[in-house]
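For the record, the sequence lines run as chains B and P.
Here the first sequence stands for residues 54 to 333, numbered as in my numbering.
Here the second sequence stands for residues 54 to 333, numbered as in my numbering.
Quick caveat, the hints were computed from the structure, so don't treat them as lab data.
Do not take every clue at face value.
Heads up, the list lumps identical chains together, so a pair's fine if it works in one copy or across two of them.
Okay, derived cross-link-like pairs now, SDA-like style, lysine to any residue, Cα gap no bigger than 25 Å in a straight line [as the list claims (entries may be wrong)]:
| no. | residue 1 | residue 2 |
| --- | --- | --- |
| 1 | Lys250 | Arg283 |
| 2 | Lys66 | Gly289 |
| 3 | Lys250 | Leu282 |
| 4 | Lys250 | Ala155 |
| 5 | Lys310 | Gly157 |
| 6 | Lys250 | Glu151 |
| 7 | Lys213 | Pro156 |
| 8 | Lys305 | Gly157 |
| 9 | Lys305 | Cys158 |
| 10 | Lys64 | Gln288 |
| 11 | Lys64 | Val223 |
| 12 | Lys310 | Arg259 |
| 13 | Lys333 | Ala60 |
| 14 | Lys213 | Arg170 |
| 15 | Lys195 | Gly323 |
| 16 | Lys333 | Asp312 |
There are 2 protein chains.
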Amino acid sequence: MAIRINADTGKLKKILDEQRKAGRTIGLVPTMGFLHQGHLSLIERSRDEGCFTVVSVFVNPAQFGPNEDLDSYPSDLERDYELSVGAGADLVWYPQREDLYAPGCQTAVMPGALAQRLCGISRPLFFGGICTVVLKLFNLVKPEMAFFGEKDFQQLAIVKQMVADFYLDVRVIGCPTQRASDGLAMSSRNARIPAGKRDLATTLYRTLASARRAFRGGERDGVALEAQLRAQWPQGLDLDYLDFREPLLLEKVERLKADTRLFLGAWLDGVRLIDNGAIK
Amino acid sequence: MAIRINADTGKLKKILDEQRKAGRTIGLVPTMGFLHQGHLSLIERSRDEGCFTVVSVFVNPAQFGPNEDLDSYPSDLERDYELSVGAGADLVWYPQREDLYAPGCQTAVMPGALAQRLCGISRPLFFGGICTVVLKLFNLVKPEMAFFGEKDFQQLAIVKQMVADFYLDVRVIGCPTQRASDGLAMSSRNARIPAGKRDLATTLYRTLASARRAFRGGERDGVALEAQLRAQWPQGLDLDYLDFREPLLLEKVERLKADTRLFLGAWLDGVRLIDNGAIK
Chain B
54 MAIRINADTG
64 KLKKILDEQR
74 KAGRTIGLVP
84 TMGFLHQGHL
94 SLIERSRDEG
104 CFTVVSVFVN
114 PAQFGPNEDL
124 DSYPSDLERD
134 YELSVGAGAD
144 LVWYPQREDL
154 YAPGCQTAVM
164 PGALAQRLCG
174 ISRPLFFGGI
184 CTVVLKLFNL
194 VKPEMAFFGE
204 KDFQQLAIVK
214 QMVADFYLDV
224 RVIGCPTQRA
234 SDGLAMSSRN
244 ARIPAGKRDL
254 ATTLYRTLAS
264 ARRAFRGGER
274 DGVALEAQLR
284 AQWPQGLDLD
294 YLDFREPLLL
304 EKVERLKADT
314 RLFLGAWLDG
324 VRLIDNGAIK
Chain P
54 MAIRINADTG
64 KLKKILDEQR
74 KAGRTIGLVP
84 TMGFLHQGHL
94 SLIERSRDEG
104 CFTVVSVFVN
114 PAQFGPNEDL
124 DSYPSDLERD
134 YELSVGAGAD
144 LVWYPQREDL
154 YAPGCQTAVM
164 PGALAQRLCG
174 ISRPLFFGGI
184 CTVVLKLFNL
194 VKPEMAFFGE
204 KDFQQLAIVK
214 QMVADFYLDV
224 RVIGCPTQRA
234 SDGLAMSSRN
244 ARIPAGKRDL
254 ATTLYRTLAS
264 ARRAFRGGER
274 DGVALEAQLR
284 AQWPQGLDLD
294 YLDFREPLLL
304 EKVERLKADT
314 RLFLGAWLDG
324 VRLIDNGAIK
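Could you put together the complete structure from these sequences and hints?
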């Protein structure tokens, strides 16, 4: 069993203060709910680090653009609780909108260059909204460690940058992408992939696997390989980006190295799909 | 005597941790140096609150626009130390640029509607730069209390809003404007008022006094009074704004009340002058 808190930031803080006094390290797994194995691996990692593990479930309006899928974002709060408990969470917190965005609130975080590429091009409000809510969550929960998935590698890099730039006392820990047996990266949005189009959705993973094969085969020319991968891209899957980039500043690279990552973004009938991975 | 720290954030944090363990409350007075009686009143207030009082001296580049007076901002670090000690500071910290803006740093705070009026019109980067550096200072020093002057009333309101919006554990305390005997609000920039133009600089205070007299005389029509005050504005002093506003959201008001404030901004031969005060 885990403690369940609906809204009530005061109760949350009281419990966390007690845990801190008892010598526990606080670990935070921020989620938008509709949990899957990716989230559960973060909770398990926090548990394995010995943390008193807080899972927050909050669909953050500030990171959705006006024409995005805020209203259709999948949700199942009961299942989220059960799955969190199963993975080792100590506390599941469901903040309400006013717990994180009080009436009249207006101050936001503005990330920099890292947010102006990849997903940031088609979703200009996205990373500012993420940073803003993550900073609020960090300041309320005051975790020593926070766990984010590498599936959202750009988000992870931007949050780490915010933590460094604002001198926040939290260790941000990136955890490996979890995949279904067909390779599709776990995502809450996978539930909205239209029936019969699952195979198309796995294009992102298959493209990554293809790039890895080419690299193993000796290919080092990123420009040529990118052109080849784009040429194989199927109809019916709207490509947003397909880029080779280095893993720190996420700058484009032309010469492939072992730590170069392939970043992929697309829409399948309006469902956002992203993936990424090191080429080796 | 007070502790003096040049750069060396590690040493700063160690000393503050010791003070906290000894049960002291930390008070922060963030300044851009070239201290005057306004700053000293903040230091004295922090001392009177029983705080271990930290004065930071840092001319924050992020709050200056490209054509503003960053390079000519007055400075006298030795005098700042002596004056801080005299007013009761326990520690004077001189961060270097890289202590607050490490190479590659890029995350900023973006204030909201409160920053898009008054000084925010002519200085669009100003309050974002202030919020960003104040958040960094708060996260490094972790003060329980921080002291700001009401001379910069809009800054005070924006910082309070940031503290509320980001759930920061710091009490922001506004302290009354300090004035010279001729009424001129204390400001480091007063040192740059050209010889022989001091009287012109006191226009802001005299306009505030004039508005107070009118209010005492029964005037409640803010639109009429504003027009009258503008008509009396002297040549040679470039008016930026002259507005009656309420003290919380800084919205314009037409009907004057006791808590209505007059806000004034101007340039005198390129020297920025601001002032404000309650009309009663």
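Violated hints - listed by number, lowest first: Failing hints, ascending: 2, 4, 6, 10, 13 and 15.
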